[in-house]
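**Student:** From just these sequences and the hints, can you work out the full model?
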Amino acid sequence: MNITGHNLALLASLSTLLDERNVTRAAARLAISQPALSAQLSRLRDLFGDPLLTPALSGKGMILTPHGARLQEPLRLALQALEDVINHTPEFDPHTAQRTFSIAANDNAGAIIGPRLIQLTREAGCADIRFAFRGLDKSKLAEQLENGEIDVALTSRDAVAKASQQSLLEEEFRMAQRIGHSRGTHPPSLAEYTRLEHVIVSGDGGGFHGFVDDALSEQGLSRRVGVSVQYYSLVPVMLQATDLVCTLPAQFLARYAETLESFPLPVQVRRYNLYATWHSRFDKDAAHCWLRKMLGAAAQA
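Counting from 1, one number per residue, gives the positions in the sequence shown under the UniProt record's numbering.
Hint data in this document are derived by calculation from the structure and do not stem from the laboratory.
Here the structure is a predicted model, which is why all the values come from computation and not from measurement.
Treat the hints with care, since some could be wrong.
Unchecked claim - For lysine-lysine, the following DSS-like pairs were computed, each having C-alpha atoms within a straight-line distance of at most 25 angstroms:
| hint | residue 1 | residue 2 |
| --- | --- | --- |
| 1 | Lys-138 | Lys-162 |
| 2 | Lys-162 | Lys-293 |
| 3 | Lys-60 | Lys-284 |
| 4 | Lys-284 | Lys-162 |
Said to hold, decoys possible - The calculated label-pair distances, taken between Cβ atoms and stated as ranges, are:
| hint | residue 1 | residue 2 | range |
| --- | --- | --- | --- |
| 5 | Ala-132 | Leu-47 | 39 to 47 angstroms |
| 6 | Leu-10 | Gln-119 | 23 to 31 angstroms |
| 7 | Asp-128 | Arg-45 | 53 to 61 angstroms |
Idealized CB from N, CA, C, for every residue including glycine.
**Tutor:** Here's what the structure looks like:
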């Protein structure tokens, strides 16, 4: 007999029949009608080539044939094992687990989330949980998430098609300059903003056009982008030594409040959004669920 979904249902019915030895009681346990169960018993007899149960001479219920008796216990154990497989949910105890999570992020996202994540994890007593922060390579990210090389990536929205995502934080962009900048400390006008020389963070490297330029072009304007860097960490060094300005997320700038000052933008742009991104096959994985919960807590800390 081939084990198909239909035959598995028949085997479950057979196990109940062998236990109850009464079609009426077995049908009640299975929540099906007596005629439906009688039809299943007829099919089971054909499949096994054996009556399996025969009417008792006393007229009360049925008795098992030798073949039916041989099937009873192995069938019960097999169905119980299958039920255990279906119902088993692997547990994850972060306090005792020895696990390394790989997180892909650019240096800004890693600097925002990383310290808080580590602090929360250690405060919770999860001493053997390790985190490997890795660079974000958009060209390889889908494959890395799929094969488990990367557990979670910290990205923008819809960074990987069909991936699962969880919003971590949202904040505004501001224009940053060095303290003591030659232009003064007033909020920039739109005209001044476009005249200033800007440094841009290009995640892929070498780009001189970004979302700010898209917003300006809608108004028929453009700005001077004289420098492009691939890493956020280079920007403060350049701003502190020059009269360059840069449009950056507010939380990034908060880390450099002693050397940089920031102002509201004179042009409306999208907000900075950070998402946890992972492959959907890990949606219900206990360890991944814990990691995503901790990332959410770190983002709000």
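**Student:** Indicate, hint by hint, whether the structure satisfies it.
**Tutor:** Status of each hint after checking the structure:
| no. | hint | verdict |
| --- | --- | --- |
| 1 | Lys-138 / Lys-162 | holds, 15 angstroms |
| 2 | Lys-162 / Lys-293 | holds, 21 angstroms |
| 3 | Lys-60 / Lys-284 | violated, 49 angstroms |
| 4 | Lys-284 / Lys-162 | holds, 16 angstroms |
| 5 | Ala-132 / Leu-47: 39 to 47 angstroms | violated, 53 angstroms |
| 6 | Leu-10 / Gln-119: 23 to 31 angstroms | violated, 56 angstroms |
| 7 | Asp-128 / Arg-45: 53 to 61 angstroms | holds, 57 angstroms |
Taken one by one, the earlier hints fail for this structure at numbers 3, 5, 6, listed in ascending order.
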